[in-house]
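Novice: Given next are the chains, with one letter for each unit.
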Amino acid sequence: MSAVVVRLVGFGHLDLAEDIVHDALVQALEVWKFRGVPANPAAWLMAAAKNRAIDVIRRERTERRFAPEVADLLSTEWSLVPTVASAFEDKEVVDAELRLMFELCDGRLPEETQVMVILKYLCGFGVRELAQAFLSGEEAIEKRLGRARATLQSAGGLAELGDAQRARSRAPAVCRALYLMFSEGYHGSHPEVVVREELCAEALRLASLLAAHPVTGVAGEVKGLLALMCLLAARLPARRDARGDLIPLDEQDRSRWDPALNARGLAALAESGAGAPSEMHLEAAIAAHHAVAASVESTDWPAIVALYDRLAALRPSPVVALNRAVAIGFARGPAAGLAEIDAIESLARLDDYLFLAATRADLLRRAGRPEDALPHFRRARELARNDPERRFFDRRLAECGGGIGHG
Amino acid sequence: MANYLYIFRGGDMARMSPQQMEENMKKWGAWMGQLSQTGNFKGGDPLGEGGRVVTGKKKAVTDGPFGETKDLVGGYLLVTAGSLDAATELARGCPIFENENGSVEVREVREMRM
Numbered sequence: 000m001s002a003v004v005v006r007l008v009g010f011g012h013l014d015l016a017e018d019i020v021h022d023a024l025v026q027a028l029e030v031w032k033f034r035g036v037p038a039n040p041a042a043w044l045m046a047a048a049k050n051r052a053i054d055v056i057r058r059e060r061t062e063r064r065f066a067p068e069v070a071d072l073l074s075t076e077w078s079l080v081p082t083v084a085s086a087f088e089d090k091e092v093v094d095a096e097l098r099l100m101f102e103l104c105d106g107r108l109p110e111e112t113q114v115m116v117i118l119k120y121l122c123g124f125g126v127r128e129l130a131q132a133f134l135s136g137e138e139a140i141e142k143r144l145g146r147a148r149a150t151l152q153s154a155g156g157l158a159e160l161g162d163a164q165r166a167r168s169r170a171p172a173v174c175r176a177l178y179l180m181f182s183e184g185y186h187g188s189h190p191e192v193v194v195r196e197e198l199c200a201e202a203l204r205l206a207s208l209l210a211a212h213p214v215t216g217v218a219g220e221v222k223g224l225l226a227l228m229c230l231l232a233a234r235l236p237a238r239r240d241a242r243g244d245l246i247p248l249d250e251q252d253r254s255r256w257d258p259a260l261n262a263r264g265l266a267a268l269a270e271s272g273a274g275a276p277s278e279m280h281l282e283a284a285i286a287a288h289h290a291v292a293a294s295v296e297s298t299d300w301p302a303i304v305a306l307y308d309r310l311a312a313l314r315p316s317p318v319v320a321l322n323r324a325v326a327i328g329f330a331r332g333p334a335a336g337l338a339e340i341d342a343i344e345s346l347a348r349l350d351d352y353l354f355l356a357a358t359r360a361d362l363l364r365r366a367g368r369p370e371d372a373l374p375h376f377r378r379a380r381e382l383a384r385n386d387p388e389r390r391f392f393d394r395r396l397a398e399c400g401g402g403i404g405h406g
Numbered sequence: 000m001a002n003y004l005y006i007f008r009g010g011d012m013a014r015m016s017p018q019q020m021e022e023n024m025k026k027w028g029a030w031m032g033q034l035s036q037t038g039n040f041k042g043g044d045p046l047g048e049g050g051r052v053v054t055g056k057k058k059a060v061t062d063g064p065f066g067e068t069k070d071l072v073g074g075y076l077l078v079t080a081g082s083l084d085a086a087t088e089l090a091r092g093c094p095i096f097e098n099e100n101g102s103v104e105v106r107e108v109r110e111m112r113m
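If you read the protein sequences in the order shown, they are chains A and B.
Here numbering that gives the first Met the number 0 is used: position 156 in the first sequence is 155, and no number is missing along the way.
Here numbering that gives the first Met the number 0 is used: position 86 in the second sequence is 85, and no number is missing along the way.
This is chain A alone, in the form it adopts within the complex:
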């Protein structure tokens, strides 16, 4: 929705576009509070944004110059409404979103900031969610957004997608942003729910748009990303129990994995083909090993460890090293996994990382050392970000003889 409005008012008026969309949303919600949410909220919001855009453009058109390609059409009353209306048609919306996505990944912005503005302008992330996603304070996020907006607004108009070289050079940043968005949904830090399917769905939607487009779809990375998302999303139905609590990979009922998404993911991975494998390819390949394995036992863990080795070479990070240790724990036994964790460089950076405590605890539990696992499960429970996670660790604590957690 923002993308369409940006296209109308021009890339130089990002803040105005943001206001229009925000106002439309607030107005709609104020009515829904009293009247209930309508059956098709998305269509409703589109209509509200369209009307709001018409009002604002009418009011501001003597003061401002809007997007060059439509400025003349917006300047007269008889063409204003049809121009705005046609921009809100489905096909145009897709195009506007893709163009905005590439425009926001401006090389003058740090990659992380590119991610931030994509989440902000294309995915409706608020400052609070951005602060969560980037482990930063809300004030710092506001400042960074302000600086980013100033840089972006000096860029001029939205580029055509036909510029293949430009599209290719920006594809990695776009992929990374979508990857982060998906991860926030999949491993989310939301205080109430453990998975936010709407975020995963939105990331998958944008990745599908990218992959389906004749220009942007050719980047192997895009297909790799799509493959990864499909393969992970396929597990969602089995990833939670009836209560919404997390079920770890090794305890999931694999018959509940979505076969269509798995097939789509494997096909995308096969198409992602030539060229040096990107991080996305490697992660997708790891997910594919899980997708084709009937059980944890029959999973090709040595192959997964080898993929993690390559991933660690490409993107050295303690988090990748931790995941590698998990795979080693399955390939060569929990003791080997624990040894790998202790060998991770800059392990201190993960002190407050939930999955470090959780992984250590789980390896100790599987190594038949429940009493040693207890303190780590307690630590994991302290770091847990929502009730489903806390309940999960409570269950583990009980299994290890530690009773229900404290605090």
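In case anyone wonders, no lab produced these hints; they're calculated from the structure.
The reader is advised that the hints may include incorrect statements.
Facing chain A, a subset of chain B residues (Cβ under 8 Å, in silico) [what the hints assert, rightly or not]: (1) Met12; (2) Ala13; (3) Gln18; (4) Met20; (5) Met24; (6) Trp27; (7) Met31; (8) Gly43; (9) Asp44; (10) Pro45; (11) Gly74.
All residues carry an ideal CB built from backbone N, CA and C; glycine is no exception.
Given the coordinates of chain A, work out where chain B should sit on it, guided by the hints.
Specialist: Here is chain B on its own, set in the frame of chain A:
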């Protein structure tokens, strides 16, 4: 039973993030649904921003009302309840209080009794 008017002030969503809005909306839906199920709900709507104020003998017209968000009436609701206390208790469930500056004024609708 008597009718009571809830006058909502503040509690605007303008400063909320989309996710907060969504959560807030769910709570409004639940609260309104509850009032409707229990038969307390009679009607109500949100009010648009701005508007006009007509004042005095000269019927002077000004734009407005403008003021602090917390002072502006954002909407109203008509409910039926057994007493002012009961109506007040119902109002306490309103999600408007998720927002620092939200308030609900509860007033009995005066009726002519013959």
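Novice: Evaluate each hint against the coordinates.
Specialist: Results of checking the hints against the structure:
1. Of the supplied interface hints, the one on Met12/B holds, with its beta-carbon coming within about 5 Å of a beta-carbon of chain A, less than 8 Å.
2. Interface restraint check for Ala13/B: the shortest CB-CB distance to chain A comes to about 5 Å, inside 8 Å, so the restraint holds.
3. Taking 8 Å as the C-beta contact cut-off toward chain A, the hint placing Gln18/B at the interface holds, the least distance being around 6 Å.
4. Interface restraint check for Met20/B: the shortest CB-CB distance to chain A comes to about 6 Å, inside 8 Å, so the restraint holds.
5. With a least beta-carbon distance of about 6 Å to chain A, the hint placing Met24/B at the interface is held under the 8 Å criterion.
6. Of the supplied interface hints, the one on Trp27/B holds, with its beta-carbon coming within about 4 Å of a beta-carbon of chain A, less than 8 Å.
7. For Met31/B, the interface hint holds, the least distance from its beta-carbon to any beta-carbon of chain A being 7 Å, beneath 8 Å.
8. With its C-beta approaching chain A no nearer than about 6 Å, Gly43/B sits inside the 8 Å limit, and its interface hint holds.
9. Proximity of Asp44/B to chain A holds as hinted, the smallest CB-CB distance being about 5 Å (cut-off 8 Å).
10. Given hint, Pro45/B at the interface with chain A, holds; its Cβ is 4 Å from that chain's nearest Cβ, closer than 8 Å.
11. A cut of 8 Å between beta carbons decides the hint on Gly74/B: the least distance to chain A is about 6 Å, and the hint holds.
Figure legend: structure checked against the earlier numbered hints; every hint is met.
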